[in-house]
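For the protein sequence lines, the chains are A and B, in the order given.
Each number in my numbering corresponds to the 1-based position in the first sequence with 700 added.
Each number in my numbering corresponds to the 1-based position in the second sequence with 700 added.
Misleading hints may appear alongside valid ones.
Because identical chains share one entry, a pair is satisfied inside a single copy or across any pair of copies.
Each computed DSS-like pair below joins lysine-lysine, with the alpha-carbon atoms no more than 25 Å apart [what the hints assert, rightly or not]:
no., residue 1, residue 2
1, LYS838, LYS944
2, LYS791, LYS898
3, LYS759, LYS979
4, LYS918, LYS873
5, LYS869, LYS979
6, LYS869, LYS944
7, LYS944, LYS873
8, LYS979, LYS873
9, LYS777, LYS791
10, LYS918, LYS869
11, LYS838, LYS918
12, LYS787, LYS777
13, LYS979, LYS918
14, LYS898, LYS849
These are computed hints drawn from the structure, not numbers from a lab.
Protein chains: 2
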Amino acid sequence: MTEKTFIYASAPTEYIEVDGIRYAYRKSGDPGATPLVCLQHFTGTLDNWDPIIVDGLAKERQVILIDNTGVGNSEGKTPDNAQDMGKDAIKVIRALGISKCDLLGFSLGGFLAQVMVDLEPQLFRKLIIVGSAPQGAKALHSFPQLVEKAFALPPKEQYLFVFATASEKSRAKIGATLGRLFIRDEDRDKNASMEAIKAQISALTRWGTDPVTINLSKITQPVLIVQGSNDEMMDSSASIDLYKAIPNAVLVFYPDSAHGSFNQYPELFTDQANSFLNKFE
Amino acid sequence: MTEKTFIYASAPTEYIEVDGIRYAYRKSGDPGATPLVCLQHFTGTLDNWDPIIVDGLAKERQVILIDNTGVGNSEGKTPDNAQDMGKDAIKVIRALGISKCDLLGFSLGGFLAQVMVDLEPQLFRKLIIVGSAPQGAKALHSFPQLVEKAFALPPKEQYLFVFATASEKSRAKIGATLGRLFIRDEDRDKNASMEAIKAQISALTRWGTDPVTINLSKITQPVLIVQGSNDEMMDSSASIDLYKAIPNAVLVFYPDSAHGSFNQYPELFTDQANSFLNKFE
Numbered sequence: 701m702t703e704k705t706f707i708y709a710s711a712p713t714e715y716i717e718v719d720g721i722r723y724a725y726r727k728s729g730d731p732g733a734t735p736l737v738c739l740q741h742f743t744g745t746l747d748n749w750d751p752i753i754v755d756g757l758a759k760e761r762q763v764i765l766i767d768n769t770g771v772g773n774s775e776g777k778t779p780d781n782a783q784d785m786g787k788d789a790i791k792v793i794r795a796l797g798i799s800k801c802d803l804l805g806f807s808l809g810g811f812l813a814q815v816m817v818d819l820e821p822q823l824f825r826k827l828i829i830v831g832s833a834p835q836g837a838k839a840l841h842s843f844p845q846l847v848e849k850a851f852a853l854p855p856k857e858q859y860l861f862v863f864a865t866a867s868e869k870s871r872a873k874i875g876a877t878l879g880r881l882f883i884r885d886e887d888r889d890k891n892a893s894m895e896a897i898k899a900q901i902s903a904l905t906r907w908g909t910d911p912v913t914i915n916l917s918k919i920t921q922p923v924l925i926v927q928g929s930n931d932e933m934m935d936s937s938a939s940i941d942l943y944k945a946i947p948n949a950v951l952v953f954y955p956d957s958a959h960g961s962f963n964q965y966p967e968l969f970t971d972q973a974n975s976f977l978n979k980f981e
Numbered sequence: 701m702t703e704k705t706f707i708y709a710s711a712p713t714e715y716i717e718v719d720g721i722r723y724a725y726r727k728s729g730d731p732g733a734t735p736l737v738c739l740q741h742f743t744g745t746l747d748n749w750d751p752i753i754v755d756g757l758a759k760e761r762q763v764i765l766i767d768n769t770g771v772g773n774s775e776g777k778t779p780d781n782a783q784d785m786g787k788d789a790i791k792v793i794r795a796l797g798i799s800k801c802d803l804l805g806f807s808l809g810g811f812l813a814q815v816m817v818d819l820e821p822q823l824f825r826k827l828i829i830v831g832s833a834p835q836g837a838k839a840l841h842s843f844p845q846l847v848e849k850a851f852a853l854p855p856k857e858q859y860l861f862v863f864a865t866a867s868e869k870s871r872a873k874i875g876a877t878l879g880r881l882f883i884r885d886e887d888r889d890k891n892a893s894m895e896a897i898k899a900q901i902s903a904l905t906r907w908g909t910d911p912v913t914i915n916l917s918k919i920t921q922p923v924l925i926v927q928g929s930n931d932e933m934m935d936s937s938a939s940i941d942l943y944k945a946i947p948n949a950v951l952v953f954y955p956d957s958a959h960g961s962f963n964q965y966p967e968l969f970t971d972q973a974n975s976f977l978n979k980f981e
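Chain A on its own, in the form it takes in the complex:
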């Protein structure tokens, strides 16, 4: 029997239990040889992915969005460090019966991608790391202050503050992304709880201050690194550091863009990601 396939707007939230904890996830696209698992940014849930990107990628593979421990509709206590978050995500991937997948990590999700490929290299074919940074990145030392500044703003301005530059063009494009996040009326995810947010702030800050444990030069997988020209959350230059440290990496920078680089250019990113996943070796 063929599995029914879905697009972003209609993919039902599904659940799987791992170690007594119920995790929420959604699948889009036809199951193929290698699914793409997507791990979200700080505070982000299943409803924070850009439908243009998910549907564009799901045309050529199965895309699986996961809420990590304690986030959105996933139960459990959110760990306060990226290492334990990465271990949890690996358990969920295993529980889904996946023996090999591609991994897209956005921001905090990009930290987890680094942890996960370091822990279980054989589980991952290719990685896409968007708006992220290597361990020890200095910009993360001031992450709590940036978050405080963002949380003082009304919701739309908060989103624009994090994901757009100050330019009208960037704000308009990221404003459109924000609109697309409400394409689903029903079966929406819960917002991240304050407890999860606090644990994530700890994980993000510790990524910049804890000792460096991952040797990026040992990553043998092809990696696509994507960043905006002016990302204050991560500092754009951290992606150049990632690119230089990972042996087989392609680096892409978009213009006049901040932490929401790939959301600002969803069609271009989708083309680049599909080409990378389908052809790059």
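Mind docking chain B on chain A? Use the hints.
This is chain B only, laid out in the frame that chain A set:
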């Protein structure tokens, strides 16, 4: 009557006279709204473009390869500076009846692209600049020494020295590029003359030492900048400088690659260039 279209291997060399000088060029692909004009690297002729790239781009547009003044089968005296070379290329484009085109400049051709968009911004819709540098780039101060080192090598090693890194993978891929350059048996171009080569060395060196005259921040066109991780000819970091100076630029870096970045990843580059030319704004 529909114009006959060609692929790289069979496109006949055509000629057009401008100011009493006969220029050689080749066209592939269906004429569409916006042709892509391609300007070549130091010593390069119509036979030095990668057939995978030209045919891949020509599937979605007309691609026009031009021998600039005094190079290959084009007559005239090669200028000793990029400004005059750029003026010549503009004249050829005008003579071909083109009122708007995209421009791909590789290395020295990328200098010309900067000159040309500065001189006649209304003539160009989008630019692709591969393995190039802004005016004043320091790596060019030692260009004559690098050329001397390259010219002391046998032909295949010369090609690998310039376009590949020292890794086996890079050398194998660029060796394959070199093989593809002989896909045409007949109607081949003349090699660049020693006179043209000397003038080009002057133009390349002067790009690094002459006063900066072009204000890259005034370029309003979308620009795709492509470079390899380890380009000694131009210094890879010069492409980051270009990206930071040009307001609406997308930057792409490939791994373990030198001056032949796009030749080493021809399928990936072709996808990225087509997506950029078709969709990026």
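Verification of the supplied hints:
1. Taking identical chains as interchangeable, the C-alpha atoms of LYS838 and LYS944 lie at most 25 Å apart whether they share a chain (17 Å) or sit on different chains (21 Å).
2. Within a single copy, LYS791 and LYS898 get their C-alpha atoms as close as 23 Å, which meets the 25 Å cut-off; across copies the closest is 63 Å, which misses it.
3. Proximity of LYS759 to LYS979 under the C-alpha cut-off of 25 Å is found in both arrangements, the shortest distances being 15 Å within a copy and 18 Å between copies.
4. Within a single copy, LYS918 and LYS873 get their C-alpha atoms only as close as 37 Å, which misses the 25 Å cut-off; across copies the closest is 22 Å, which meets it.
5. Taking the shortest Cα distances, LYS869 and LYS979 sit within 25 Å of each other only across copies (16 Å), while inside one copy they are farther apart (32 Å).
6. Proximity of LYS869 and LYS944 under a CA criterion of 25 Å is satisfied inter-copy only: 18 Å between copies versus 30 Å inside one chain copy.
7. Taking the closest pair of Cα atoms, LYS944 and LYS873 come within 25 Å of each other only across two copies (21 Å); inside a single copy the shortest separation is 30 Å, beyond that limit.
8. Taking the closest pair of Cα atoms, LYS979 and LYS873 come within 25 Å of each other only across two copies (15 Å); inside a single copy the shortest separation is 29 Å, beyond that limit.
9. Proximity of LYS777 to LYS791 under the C-alpha cut-off of 25 Å is restricted to the intra-copy arrangement: shortest distance 15 Å within a copy versus 68 Å between copies.
10. In this homomeric assembly, LYS918 and LYS869 come within 25 Å of each other (Cα to Cα) only across copies, at 17 Å, whereas the closest approach inside a single copy is 39 Å.
11. Taking CA atoms no more than 25 Å apart as the test, LYS838 paired with LYS918 passes inside one copy only; the shortest distance there is 22 Å, against 32 Å between copies.
12. Taking identical chains as interchangeable, the C-alpha atoms of LYS787 and LYS777 lie at most 25 Å apart only when both belong to the same chain, with a minimum of 13 Å there against 66 Å between chains.
13. Only within a single protomer do LYS979 and LYS918 lie at most 25 Å apart by alpha-carbon distance; the minimum there is 22 Å, versus 36 Å between protomers.
14. Within a single copy, LYS898 and LYS849 get their C-alpha atoms as close as 15 Å, which meets the 25 Å cut-off; across copies the closest is 58 Å, which misses it.
In terms of the numbered hints stated before, the structure departs from none.
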